[in-house]
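Peer 1: Sequence order for the protein chains is A and R.
Oh and the first sequence: position 61 is 359 in the numbering used here, straight run, nothing missing.
Oh and the second sequence: position 79 is 476 in the numbering used here, straight run, nothing missing.
Keep in mind that the hints are not guaranteed to be accurate.
Stated by the list, open to error - Here are the simulated lysine to any residue pairs, SDA-like style, with alpha carbons at most 25 Å apart:
(1) R:K506 - A:K502
(2) A:K475 - R:T418
(3) A:K475 - A:I349
(4) A:K475 - R:A405
(5) A:K407 - R:S461
(6) A:K502 - A:R328
(7) R:K512 - A:T484
(8) R:K506 - A:D467
(9) A:K475 - R:M412
(10) A:K481 - R:M412
(11) R:K506 - A:G478
(12) R:K506 - A:L485
(13) R:K520 - A:K407
(14) R:K512 - R:R554
(15) A:K481 - R:E484
(16) R:K506 - A:S480
(17) R:K506 - A:F414
(18) A:K481 - R:P507
(19) R:K506 - R:S461
(20) R:K512 - R:G476
(21) A:K502 - A:F414
(22) R:K506 - A:W482
(23) R:K512 - A:R572
Unchecked claim - Covered stretches of chain R (in silico footprint by chain A; criterion: 3 or more residues with CB under 8 Å from a CB of chain A, positions within the stretch not fixed):
(24) 455 to 462
(25) 478 to 490
(26) 497 to 508
Calculated directly from the structure, the hints in this document are not laboratory data.
Just so it is clear, the structure is predicted and the values come from calculations on it, not from any experiment.
Don't be surprised by glycine CBs; every beta carbon is placed ideally from N, CA and C.
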Amino acid sequence: MSVTDPTSEPLIDAEEERRARQKQIVKIARWTLPSLVLILLIGGWQAYVTIAQVPHYILPSPLLIAQTMIADWGLLWPAMLITGRLTLLALIFAVIGGLLIAVAFTQSKWVELAMFPYAVILQVTPVVAIAPLLQIYVESAFVAALLCAWIVAFFPILSNTTIGLKSADHNLQDLFKIYGASKWQTLRYLSAPSALPFFLGGLKIAGGLALIGSVVAEFVIGRAGTGLGLASTLLEASYRFNFGRLYAALILISIMGVAIFGLMSVISHLCLFRWHESALKRED
Amino acid sequence: MQIAATGAREQLLRMSHIEKTFRGNVVALRDLDLTVNQGDFLSLLGPSGCGKSTALRLISGLMSPTAGTIDWQGGQGDGDLGIVFQEPTLMPWAQVKDNVWLPFRLRGKPYSAVKDEVLEALKLVGLADFQNAYPRELSGGMKMRVSIARALVTRPRLILMDEPFAALDEITRHRLNNDLLALRDAIGCTVIFVTHSVFESVFLSDRIVVMAARPGRIIGEVSVDAPYPRTEAFRTSPEYAASAQEASRMLEHAMGEAA
Numbered sequence: 299m300s301v302t303d304p305t306s307e308p309l310i311d312a313e314e315e316r317r318a319r320q321k322q323i324v325k326i327a328r329w330t331l332p333s334l335v336l337i338l339l340i341g342g343w344q345a346y347v348t349i350a351q352v353p354h355y356i357l358p359s360p361l362l363i364a365q366t367m368i369a370d371w372g373l374l375w376p377a378m379l380i381t382g383r384l385t386l387l388a389l390i391f392a393v394i395g396g397l398l399i400a401v402a403f404t405q406s407k408w409v410e411l412a413m414f415p416y417a418v419i420l421q422v423t424p425v426v427a428i429a430p431l432l433q434i435y436v437e438s439a440f441v442a443a444l445l446c447a448w449i450v451a452f453f454p455i456l457s458n459t460t461i462g463l464k465s466a467d468h469n470l471q472d473l474f475k476i477y478g479a480s481k482w483q484t485l486r487y488l489s490a491p492s493a494l495p496f497f498l499g500g501l502k503i504a505g506g507l508a509l510i511g512s513v514v515a516e517f518v519i520g521r522a523g524t525g526l527g528l529a530s531t532l533l534e535a536s537y538r539f540n541f542g543r544l545y546a547a548l549i550l551i552s553i554m555g556v557a558i559f560g561l562m563s564v565i566s567h568l569c570l571f572r573w574h575e576s577a578l579k580r581e582d
Numbered sequence: 398m399q400i401a402a403t404g405a406r407e408q409l410l411r412m413s414h415i416e417k418t419f420r421g422n423v424v425a426l427r428d429l430d431l432t433v434n435q436g437d438f439l440s441l442l443g444p445s446g447c448g449k450s451t452a453l454r455l456i457s458g459l460m461s462p463t464a465g466t467i468d469w470q471g472g473q474g475d476g477d478l479g480i481v482f483q484e485p486t487l488m489p490w491a492q493v494k495d496n497v498w499l500p501f502r503l504r505g506k507p508y509s510a511v512k513d514e515v516l517e518a519l520k521l522v523g524l525a526d527f528q529n530a531y532p533r534e535l536s537g538g539m540k541m542r543v544s545i546a547r548a549l550v551t552r553p554r555l556i557l558m559d560e561p562f563a564a565l566d567e568i569t570r571h572r573l574n575n576d577l578l579a580l581r582d583a584i585g586c587t588v589i590f591v592t593h594s595v596f597e598s599v600f601l602s603d604r605i606v607v608m609a610a611r612p613g614r615i616i617g618e619v620s621v622d623a624p625y626p627r628t629e630a631f632r633t634s635p636e637y638a639a640s641a642q643e644a645s646r647m648l649e650h651a652m653g654e655a656a
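The task is simple: from the sequences and hints, build the whole structure.
Peer 2: Structure below.
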């Protein structure tokens with residue numbers, strides 16, 4: 299029988315080496331490939347508009363959009379701030395409302411039985427249909443838009459958190475009972491941490507929905523001449539065939555959406571990376 | 398702590414004429430009489446469906462009996478009971494030390510006040526170096542040790558164990574069996590241990606209560622007189638074999654009756 303000498307150089311087999319190299323390549327490609335696609339896309343777009351001489355009110359060239367972005371920055375930036383504030387406030391209230399209602403639902407079965415159908419009705423009724431009504435009842439256009447965005451954004455938080463609060467391990471629930479835990483202790487030390495991954499999943503969806511809700515609200519409510527944020531700017535630009543500005547506003551909205559998603563992902567990672575399966579890196 | 402000889406033990410818990418019927422008239426337990434004495438290592442051994450886990454849930458207070466009484470000698474105080482489930486049942490978001498702190502925390506004791514007890518419990522199960530680890534960083538056997546540390550951190554009079562090692566591999570299981578006995582020697586608590594393994598029950602306990610199913614009931618008791626501390630050598634001794642045979646025969650009888 300031979301005994302392996304633990305001090306000898308470990309053998310590196312070709313397969314492992316290839317796998318390591320593959321990993322390195324994927325790491326680089328993760329950033330370079332999308333960038334390449336972006337460059338090709340913009341280049342092709344610019345070339346097409348230039349060569350085919352497409353009029354700017356049909357399709358503006360990337361260059362024109364960039365120029366408009368700079369020229370109209372004084373107009374776009376304040377609009378972006380308004381849309382941003384609208385979205386963030388809607389999201390914050392969605393989190394507060396969604397969490398409170400979820401806790402009420404899970405603490406009392408009767409509250410859930412009585413109220414859940416109405417939460418669903420609120421969710422499935424198209425916000426576009428509610429917005430004009432809100433406009434009538436609520437004086438401030440901003441508050442009306444905020445309400446619209448809130449209605450759209452709060453449901454995923456409510457439904458995810460409700461499921462999460464109910465998903466605590468049954469044996470742990472028994473353990474808490476045996477140790478005489480109060481309702482509040484069980485909520486705080488058991489149900490809430492169990493619900494956290496679910497809540498964060500809902501938050502990611504709600505972040506995107508808050509922006510969509512804000513844009514829709516601005517479309518509907520901003521139309522009455524109460525010019526709000528980026529979406530109102532976009533709509534107005536389309537009426538004036540100012541397609542450079544329309545595209546500039548569109549791009550800014552997209553950037554906001556990506557930023558919100560990124561922010562939510564970071565929050566989620568920070569909350570979960572220590573313990574949750576979803577945040578664990580696995581060796582493959 | 399010294400554990401008294403089997404004959405001279407004080408009574409800790411008495412279950413008399415316990416009946417438990419579930420919805421749909423499923424009789425889980427019928428006329429169960431069981432006295433548990435201080436210092437007993439009592440195994441409930443039986444086929445599945447014999448109500449051994451139900452008996453444990455009744456003792457833990459998670460369930461109330463349909464009829465009959467359960468009396469604690471001197472009443473059941475705070476922290477008198479520890480429990481270990483078949484799964485480690487740890488909070489994945491909490492570090493090992495916070496998991497062990499839980500029984501104290503739920504009684505409003507801040508960590509600083511019970512730090513010594515928590516660390517002592519972890520030392521007893523050999524995991525003092527892992528107090529800051531998260532459960533996912535531990536192996537199955539280590540998680541179970543944390544679970545045991547949590548059960549004994551309040552120094553309960555009685556620890557209930559519901560097939561705690563059933564999901565572990567044989568090697569880990571043997572080690573944990575040995576360590577469990579050493580632990581019990583160290584803190585001298587009473588243990589009720591649910592298992593469906595004859596060998597495990599013989600190795601661990603001084604009393605094996607054999608149960609039968611449909612309806613769940615006690616059909617006999619085997620006492621294992623070999624003194625503690627028991628070591629690996631006990632596993633190959635004639636007494637071990639004799640007790641295992643006796644328990645097996647009784648179990649077979651229980652199965653035969655049920656079939």
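Peer 1: Hint by hint, say whether it matches the structure.
Peer 2: Cross-check of the supplied hints:
1. R:K506 - A:K502: With a Cα-Cα distance of about 36 Å, the restraint between K506 (chain R) and K502 (chain A) is violated, given a limit of 25 Å.
2. A:K475 - R:T418: holds, 22 Å
3. A:K475 - A:I349: violated, 75 Å
4. A:K475 - R:A405: violated, 34 Å
5. A:K407 - R:S461: Holds, at about 23 Å.
6. A:K502 - A:R328: This hinted pair holds, its Cα atoms lying about 22 Å apart.
7. R:K512 - A:T484: holds, 22 Å
8. R:K506 - A:D467: holds, 24 Å
9. A:K475 - R:M412: holds, 21 Å
10. A:K481 - R:M412: violated, 30 Å
11. R:K506 - A:G478: holds, 13 Å
12. R:K506 - A:L485: Given that 25 Å is the threshold and the Cα spacing comes to 18 Å, the pair holds.
13. R:K520 - A:K407: violated, 43 Å
14. R:K512 - R:R554: Cα-Cα ~21 Å, so holds.
15. A:K481 - R:E484: holds, 24 Å
16. R:K506 - A:S480: Satisfied, since the Cα-Cα distance of roughly 14 Å is no more than 25 Å.
17. R:K506 - A:F414: Violated: K506 (chain R) and F414 (chain A) sit about 38 Å apart, past 25 Å.
18. A:K481 - R:P507: Since the Cα atoms of K481 (chain A) and P507 (chain R) sit roughly 19 Å apart, the hinted pair holds (cutoff 25 Å).
19. R:K506 - R:S461: violated, 29 Å
20. R:K512 - R:G476: holds, 16 Å
21. A:K502 - A:F414: With a Cα-Cα distance of about 22 Å, the restraint between K502 (chain A) and F414 (chain A) holds, given a limit of 25 Å.
22. R:K506 - A:W482: holds, 16 Å
23. R:K512 - A:R572: Status holds; Cα separation ~23 Å.
24. 455 to 462: holds (count 3)
25. 478 to 490: holds (count 8)
26. 497 to 508: holds (count 5)
In terms of the numbered hints stated before, the structure departs from hints 1, 3, 4, 10, 13, 17 and 19, listed from lowest to highest.
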